[in-house]
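Chains as they are written, first to last, in our numbering: chain E, 1 to 272; chain R, 273 to 553; chain W, 554 to 916.
These aren't lab readings, by the way, just hints derived from the structure by calculation. Yeah, the Cβ is synthetic: ideal placement off N, Cα and C, and Gly gets one too. Check before you lean on any hint, since a few could be wrong.
[Unchecked claim] Partial chain W-side listing against chain E, Cβ under 10 Å, derived:
1) Gly607
2) Gln630
3) Asp632
4) Pro634
5) Gly693
6) Arg702
[Unchecked claim] Label pairs and their calculated CB-CB ranges:
7) R/Lys517 x E/Phe53: 52 to 60 Å
8) R/Phe541 x E/Asp14: 35 to 43 Å
9) W/Ser688 x R/Pro277: 35 to 43 Å
10) E/Asp14 x R/Pro473: 17 to 25 Å
11) E/Leu60 x R/Gly534: 39 to 47 Å
12) R/Pro277 x W/His625: 15 to 23 Å
13) W/Ala755 x R/Lys366: 51 to 59 Å
14) E/Leu60 x R/Phe377: 27 to 35 Å
15) E/Val62 x R/His504: 35 to 43 Å
[As the list claims (entries may be wrong)] If you want the ones that stay clear, here's a sample from chain E, every Cβ over 12 Å from chain W, calculated:
16) Thr15
17) Arg18
18) Ile22
19) Phe25
20) Phe27
21) Ala33
22) Gly51
23) Asp56
24) Ala63
25) Asp64
26) Lys104
27) Thr116
28) Ala156
29) Leu232
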Amino acid sequence: MSPNRDPNRSALIDTALRVWIILCFVFVFAPIAASFVFSFNSDRFPTIPLGHFTTDWYRLVVADPLVWSGLWNTLKVAGAVGVLATVLGFGAAYTDHRHDFFGKQAYLALALLPPTIPAVILGLAMLAYLSRLTLSGSAVSVIIAHVVICAPFAMALIRLRLSQMDAALEPAAWNLGATEWGAMRHVILPFCAPAILAALFITMAVSSDEFAVAWFVSGLNETLPVKVLGFLQGQVSPRINVIGSFVFVVSIGLVIAAQLLMAGRGARPYEE
Amino acid sequence: MRNRPTAYGLTFALPLLVWQVVFFVLPLAFLVALSFFTVRNFRVLPDLNPGNWGVILWRQVFWQAYGVTWLLSATGSLIASVLAFPCAFGIALKLSANSRRWAVFLMVIPFFTSYLVRAYAWQVFLSDTGIINGLLAWTGLGPYALLNTPGAILVGYLTLSLPLVILLQVFSLTYVDRSLIEAAHNLRAGRLRTVFEVIIPSARVGLVIAALFAFILCFGDFVSPVYLGGGHPTTLSILITDTTKSGQQWPRAAVIALMMIGTLLATAFAAVHFAYRGARR
Amino acid sequence: MSRQPLVTLEGIRKSFGDYVAVQPLDLAIHAGEFLALMGSSGCGKTTTLRMLAGLESPSAGTIRLSGQPINHLPAWQRDTPLVWQNLALFPFLNVIENVEFALKMRGVGRAERRRRAEAWLDRMQIAEFAGRAISHLSGGQRQRVALARSLVIEPQILLLDEPLSALDAALKVRMQSVLKSLQRETGITFVYVTHSQSEAFAMADRVVIMSRGKVEQIGTPQDIYNRPGTRFVAEFLGSSNILSGRVTGSTGPHLNVDGPLGHFQVPHCDATPPQSGQEIDFSVLGALCDLGPPGGDPRPNQIDARIVGEEFEGAFATIYLEADTGQELRVQKSQADIARLEPSPGKRMAVFWRAQDCHLLPG
Numbered sequence: 001m002s003p004n005r006d007p008n009r010s011a012l013i014d015t016a017l018r019v020w021i022i023l024c025f026v027f028v029f030a031p032i033a034a035s036f037v038f039s040f041n042s043d044r045f046p047t048i049p050l051g052h053f054t055t056d057w058y059r060l061v062v063a064d065p066l067v068w069s070g071l072w073n074t075l076k077v078a079g080a081v082g083v084l085a086t087v088l089g090f091g092a093a094y095t096d097h098r099h100d101f102f103g104k105q106a107y108l109a110l111a112l113l114p115p116t117i118p119a120v121i122l123g124l125a126m127l128a129y130l131s132r133l134t135l136s137g138s139a140v141s142v143i144i145a146h147v148v149i150c151a152p153f154a155m156a157l158i159r160l161r162l163s164q165m166d167a168a169l170e171p172a173a174w175n176l177g178a179t180e181w182g183a184m185r186h187v188i189l190p191f192c193a194p195a196i197l198a199a200l201f202i203t204m205a206v207s208s209d210e211f212a213v214a215w216f217v218s219g220l221n222e223t224l225p226v227k228v229l230g231f232l233q234g235q236v237s238p239r240i241n242v243i244g245s246f247v248f249v250v251s252i253g254l255v256i257a258a259q260l261l262m263a264g265r266g267a268r269p270y271e272e
Numbered sequence: 273m274r275n276r277p278t279a280y281g282l283t284f285a286l287p288l289l290v291w292q293v294v295f296f297v298l299p300l301a302f303l304v305a306l307s308f309f310t311v312r313n314f315r316v317l318p319d320l321n322p323g324n325w326g327v328i329l330w331r332q333v334f335w336q337a338y339g340v341t342w343l344l345s346a347t348g349s350l351i352a353s354v355l356a357f358p359c360a361f362g363i364a365l366k367l368s369a370n371s372r373r374w375a376v377f378l379m380v381i382p383f384f385t386s387y388l389v390r391a392y393a394w395q396v397f398l399s400d401t402g403i404i405n406g407l408l409a410w411t412g413l414g415p416y417a418l419l420n421t422p423g424a425i426l427v428g429y430l431t432l433s434l435p436l437v438i439l440l441q442v443f444s445l446t447y448v449d450r451s452l453i454e455a456a457h458n459l460r461a462g463r464l465r466t467v468f469e470v471i472i473p474s475a476r477v478g479l480v481i482a483a484l485f486a487f488i489l490c491f492g493d494f495v496s497p498v499y500l501g502g503g504h505p506t507t508l509s510i511l512i513t514d515t516t517k518s519g520q521q522w523p524r525a526a527v528i529a530l531m532m533i534g535t536l537l538a539t540a541f542a543a544v545h546f547a548y549r550g551a552r553r
Numbered sequence: 554m555s556r557q558p559l560v561t562l563e564g565i566r567k568s569f570g571d572y573v574a575v576q577p578l579d580l581a582i583h584a585g586e587f588l589a590l591m592g593s594s595g596c597g598k599t600t601t602l603r604m605l606a607g608l609e610s611p612s613a614g615t616i617r618l619s620g621q622p623i624n625h626l627p628a629w630q631r632d633t634p635l636v637w638q639n640l641a642l643f644p645f646l647n648v649i650e651n652v653e654f655a656l657k658m659r660g661v662g663r664a665e666r667r668r669r670a671e672a673w674l675d676r677m678q679i680a681e682f683a684g685r686a687i688s689h690l691s692g693g694q695r696q697r698v699a700l701a702r703s704l705v706i707e708p709q710i711l712l713l714d715e716p717l718s719a720l721d722a723a724l725k726v727r728m729q730s731v732l733k734s735l736q737r738e739t740g741i742t743f744v745y746v747t748h749s750q751s752e753a754f755a756m757a758d759r760v761v762i763m764s765r766g767k768v769e770q771i772g773t774p775q776d777i778y779n780r781p782g783t784r785f786v787a788e789f790l791g792s793s794n795i796l797s798g799r800v801t802g803s804t805g806p807h808l809n810v811d812g813p814l815g816h817f818q819v820p821h822c823d824a825t826p827p828q829s830g831q832e833i834d835f836s837v838l839g840a841l842c843d844l845g846p847p848g849g850d851p852r853p854n855q856i857d858a859r860i861v862g863e864e865f866e867g868a869f870a871t872i873y874l875e876a877d878t879g880q881e882l883r884v885q886k887s888q889a890d891i892a893r894l895e896p897s898p899g900k901r902m903a904v905f906w907r908a909q910d911c912h913l914l915p916g
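Use the sequences and the hints to build the structure in full.
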């Protein structure tokens, strides 16, 4: 043991904490890793020891037309939700950043609250309400419900970016002759661009993963996660693992892209 | 800047407001109306019928489910908080800045994997011929019935809430002023006493909020109770999905949903009150 | 100056809720002058500047530019470029794009605006950084970009809000001379907000001293230094001893004043000198006071006091003394004098000055 070790730190406690951190990560990642491994496993009923390596389940999934229609629905919905939620979220984030007004607390609560309402409740409420408007059972109803859930995420991301902006930039643009719209186009939007793209990706990822509300309101236009819910209700099938792994890879791709935009290339030259 | 609303300002403020009022506030408000509607011949008809409330609130099944759901969620939230704390403490206060960034990034990943698929993977671990019993068989133990038990539901709740609780705890612990910890040591508080006397009180609001979010997530979840708990015991979310999907009994489902919202609001107010009263003292 | 002022503020008042930031204020700014608005934080100097730029609208009063009221114009329709305290350079644009910004907003064509921006980069000696990101510039270089960005439209007036506050001491002095010569060469009116006496006195033709939203004194740096207009100004500048007493009569050009610290003679130049029996304040610069052995016959304009400390700044030192009443006095001496006087804490000495060096504080 080095004679100069820090007496305020205990090697034993530090090691114990590290082991605990690793155990937590193992618990969190065990199901993710398992579904990845078993998607390549030959046995229909997954157990130890593993069967042999196979891509049969992938082939089965690819050959299933219902999966393709689900994927297509998911992409349609996610694309529309991403754009709408990001536009709405940007407006709210900018409003919060720029203005102080009576009832702002209520406005912000309204803007941020939806994800805290349990999906079953939101699903039921949406189903009942949208069927009154004769909108339920369509892809549009899924888009509407998902925008409600996703816009807060977009708003939070863009608001974070705006809070990093020097408050003098917008008045500086006016001072140099830019109108309010000019300052929006030439200053606010370029500054927020990385966060806007990140918000687009994240909201698409959230939408393409959401199953409960979509299950309530989608009717025949089931998205992929709703399909998975259907598979789960039926018999055990490694096809769930295949779709899960596929969705995982796509979502993580989107998240990493968003991360790079928020933290990496996009943000670095702006630092003071 | 100016108090008078301008066309420019409203262009940005209104779209979200309108959307959330029309597609979030009104649907929730509609639940209230729906809870007084009548179902006749599988059709939901507008009415002012308090019978749905009676039917649900006088049923023992409902109150049993209510108690079970509340107890399971509270236990899940407590276990998640206790398990997460040493982990979050280590990440926030012991790891280097770089490792901390990685740990946070890794903890974000579960949010973008399908919760359904993760719950299904736990079935694979917990079933009678599953991975855990397979490993136990090598040592001559088991098999034990792990799936379709309240314990399996809690595993599902932890899968759902642990990453969020860890992240929220990490954030609140990183904001604890390091000089407070040094001051405590300087005033003869040992390691453990510093944790309980200084660090936990400083991070109190964040810790309570993290537990609250875990409770909200567990309370509304129907995947774990159905696919890991096997539908027994019945939780409120199972009651809602069953009541909605079978027999078109939407008004009764609305009653259950409103009872859930009321419970969540009361819990949230109590938790926030508890968090801030402590923080102000 | 007989010409029409470039800018006039007439009865300008600004309040935020209950808080009054600027009291009714009248001010004329002349074409081609370097005007400094000085005061401690919260005195209303920055609010006044922001009202000129149209970033705040006055609660009452009229602002005129070349005689025309401009209250109703939004910020983007005024040619009143501002150099911000934190510079507010656009981080997502490079150096030359920042400088071109104002021209682009005015619809100047691409080639023309590039040419004019390059000319200003040249003039500010930062042409080599044209393509650089703002984050890759030093503090002094950023300062020059901010100036070029504001000056590229060749305005009649340039507003500056403590632009040097982020720089280190040496760079600050260098930028002061850059600003001063820029102002002389271009003839553009500079309105410069600062809390720093040295910056204001080094550069400005006229200084406006503000306190709690009110103008305390307007004058040249020499005027203000030698003849502070109010007790506040004398205290704010911090280089004078402020004394008070009761007028007992007058001898020739001097008032005879009796105070708790002794007997004083104070020159009066007003048409209406204070009457006998009136309480007055007067000041004497620490640099004009002298130190000597204490005691002896009681003479006018002399106070015996105990040394409590000294502070060295280059070739000069300020000696702080405390009189028997607890009043603090200061005397500024050269290092050579200090060596001769051998002051040490606790030692008693006499502080004295010539009658003509005191200055009666009005009000």
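Comparing the hints with the structure gives:
A least Cβ separation of about 8 Å between W/Gly607 and chain E falls short of the 10 Å threshold, and the interface hint therefore holds. Taken as an interface hint, W/Gln630 checks out: its beta carbon lies about 8 Å from the nearest beta carbon of chain E, inside 10 Å. Restraint check, W/Asp632 versus chain E: the minimum CB separation of about 8 Å is within 10 Å; hint holds. For W/Pro634, the suggested interface contact is upheld, since its CB lies about 6 Å from the closest CB of chain E, less than 10 Å.
A least Cβ separation of about 15 Å between W/Gly693 and chain E goes past the 10 Å threshold, and the interface hint is therefore violated. Here the hint on W/Arg702 is kept, as its CB sits about 7 Å from the closest CB of chain E, short of 10 Å. At about 39 Å, the CB distance of R/Lys517 to E/Phe53 disagrees with the hint of 52 to 60 Å. Between R/Phe541 and E/Asp14 the CB atoms are about 39 Å apart, so this pair conforms to the stated range of 35 to 43 Å.
At about 36 Å, the beta-carbon gap between W/Ser688 and R/Pro277 stays in the expected band of 35 to 43 Å. For E/Asp14 and R/Pro473, the hinted distance range of 17 to 25 Å is satisfied, since their beta carbons lie about 23 Å from each other. The hint said 39 to 47 Å for the Cβ distance between E/Leu60 and R/Gly534, and at roughly 46 Å that hint holds. Range check, R/Pro277 to W/His625: Cβ separation about 19 Å, and the 15 to 23 Å hint holds.
For the hinted restraint 51 to 59 Å between W/Ala755 and R/Lys366, the CB-CB distance of approximately 52 Å keeps it satisfied. At about 33 Å, the beta-carbon gap between E/Leu60 and R/Phe377 stays in the expected band of 27 to 35 Å. About 37 Å separates the C-beta atoms of E/Val62 and R/His504, a value consistent with the hinted range of 35 to 43 Å. Listed as a non-interface residue, E/Thr15 keeps its Cβ farther than 12 Å from every Cβ of chain W; the least gap is roughly 40 Å.
Every C-beta of chain W lies more than 12 Å from that of E/Arg18, the closest at about 36 Å, which supports listing it as non-interface. Separation of E/Ile22 from chain W is adequate, the least Cβ-Cβ distance of about 38 Å exceeding the 12 Å criterion. The Cβ of E/Phe25 sits about 35 Å from the closest Cβ of chain W, beyond the 12 Å cut-off, so the non-interface label holds. The claim that E/Phe27 lies off the interface holds: its Cβ sits roughly 41 Å from the closest Cβ of chain W, which is beyond the 12 Å cut-off.
With a least CB separation of 40 Å from chain W, E/Ala33 remains clear of the 12 Å interface cut-off, as annotated. No beta-carbon of chain W is positioned within 12 Å of the beta-carbon of E/Gly51; the least distance is around 54 Å. Every CB of chain W is more than 12 Å from the CB of E/Asp56 (nearest about 51 Å), matching its label as outside the interface. The Cβ of E/Ala63 sits about 48 Å from the closest Cβ of chain W, beyond the 12 Å cut-off, so the non-interface label holds.
No beta-carbon of chain W is positioned within 12 Å of the beta-carbon of E/Asp64; the least distance is around 46 Å. Every Cβ of chain W is farther than 12 Å from the Cβ of E/Lys104; the closest lies at roughly 16 Å, confirming the non-interface assignment. Consistency note on E/Thr116: stated as away from chain W, and its beta-carbon is indeed over 12 Å from all of that chain's, at 34 Å minimum. Non-interface call for E/Ala156 relative to chain W: holds, since the shortest CB-CB distance, roughly 22 Å, exceeds 12 Å.
The beta carbon of E/Leu232 sits about 47 Å from the closest Cβ of chain W, which is more than 12 Å, so the claim that it is off the interface holds.
Checked against the numbered hints listed earlier, the structure breaks hints 5, 7; every other hint is satisfied.
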